[in-house]
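Trainee: Put together the whole structure using the sequences plus the hints.
Listed below, chain by chain, are the residues.
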Amino acid sequence: MKPAPFAYHRPETIEEAVALLAELGDDAKVLAGGQSLIAMLALRLAVFDHLIDIGRIPDLRGIERREGDLWVGAGTTDADVERSSLVADAVPLLAKVTPFVGHFQIRNRGTLGGSIAHADPAAEYPAVALTLDATMHVASRQRERTIAAGDFFDGVWTTTMKDDELLIGVTFPEWGGRSGFGVEEVARRHGDFAITGATVGIELDNEDRIRRCSIGLLGMGSRPERALRAEREMHGRPADEIDTTELGQLAIAGLDSVPGDLHGSVDYRRRVGAVVVARAWTGAIKEARRA
Amino acid sequence: MHEVEVTVTINGAMRTTTVEPRLTLADYLRDTCRLTGTHLGCEHGVCGACTVLVDGAAMRSCLMFAVQADGTEVTTIEGIGADDGELSPLQAAFRDCHGLQCGFCTPGFITSMTAFLRDNPAATDDEITGALAGNLCRCTGYQGIIQAVRQAAGQNR
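Each protein sequence line maps, in turn, to chains C and G. Start counting the first sequence at 1; every next residue gets the next number (our numbering). Start counting the second sequence at 1; every next residue gets the next number (our numbering).
Hints are computed from structural coordinates only; laboratory data are not their basis. Treat the hints loosely; a few may be bogus.
FRET-style restraints, in silico, Cβ to Cβ [said to hold, decoys possible]:
(1) C:ASP26 - G:GLY81: 44 to 52 Å
(2) G:CYS42 - C:ALA4: 15 to 23 Å
(3) G:GLY154 - C:PRO58: 38 to 46 Å
(4) G:GLN101 - C:LEU45: 31 to 39 Å
Just so you know, even glycine gets a beta-carbon here, dropped at the ideal spot from N, CA and C.
Mentor: Here it is as structure tokens:
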């Protein structure tokens, strides 16, 4: 047995889960699909006295429309997101990115909320949440509150949730009008952690000008990033006149904590990062024109 | 640390055992149940050798604790062929196409692709190679494996 010993708890309701969190504090860790956590426990990168398994809480699962947004329960598996026609219809970027999340065997167990709460800067769901300005719904024994995606990701594997808080669901805004989305990723093999990647949403007006756009980057810092300056500069411009190579350069220009490792140096990530932004942008424009 | 009771139906036979919570499903299958057909390569979710079916869905048994399998039905490589030892069509295709060499990774390929072909009976070549990305083989060079899955998919068409 590779992981260090721990006590196992399997609450059946959200109330039971947050009561356990309140009682056990930072000695406890929430176990969702376990597709990152169990590997970290096996490698003893993480050690906890208590694991709270939220895998059998029915209220944490489900996908539905709520007040114009799409609600995805934190315990919904990646495979359920992938198969959902509601997700494909309401939040196409979420549907497009899901086949990039691990391999299908991982998606059968991994959960959307688990990935977002784990906050790996190279993971897809945190980048999409940031790109679409999603809202995280968290609960503790005292209260429920919401955290905007822009305020949620704090650093590598850290979020602004408190020790006694549980992520219960995420709402993604639906984009209307002539909108299109693009995802591009570079990885050693499909399904592995991205070396770099981009998630783009674009809405065009009737004259094919950029009415709104959002550019997310993954694997390019200590948390998912938004290319806010590039977004501002594209706003209002005719889609035809945008040089995507320049756009890619602009998108990575402000990044100051691009990681380098054996899969790719800092320079390599910057060069390839600019290219994936350009490609994701081109894909999104194509789709928006057809919409 | 206190042990917990788990009941799992493995290849059709129900079994109740007490286990330490930190025991992975893979170690439970291999060491507790003595079903050593499930192989452990990397033990952190990368290689796919330990893949089993949990309630029919392919999952990494190294990325799951035995306690999480409580109440589920697990199918391991030992449960894929017929009771009399006859190979499943996919297993037979691996034999026909030289889809294995040393055989270490094969249980993971077979369990993964058994689930994949059940859900995608008319899979295209692109879908097949995409689905195979979750399993690593270090000796056949993959061409025989791809050929085997194509052959099995053809039989499903």
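Trainee: For each hint, tell me whether it holds in the structure or not.
Mentor: Now the hints, each set against the structure:
{"no.": "1", "hint": "C:ASP26 - G:GLY81: 44 to 52 Å", "verdict": "holds (48 Å)"}
{"no.": "2", "hint": "G:CYS42 - C:ALA4: 15 to 23 Å", "verdict": "holds (19 Å)"}
{"no.": "3", "hint": "G:GLY154 - C:PRO58: 38 to 46 Å", "verdict": "holds (40 Å)"}
{"no.": "4", "hint": "G:GLN101 - C:LEU45: 31 to 39 Å", "verdict": "holds (33 Å)"}
Against the hints set out earlier in the document, no violation occurs for any number.
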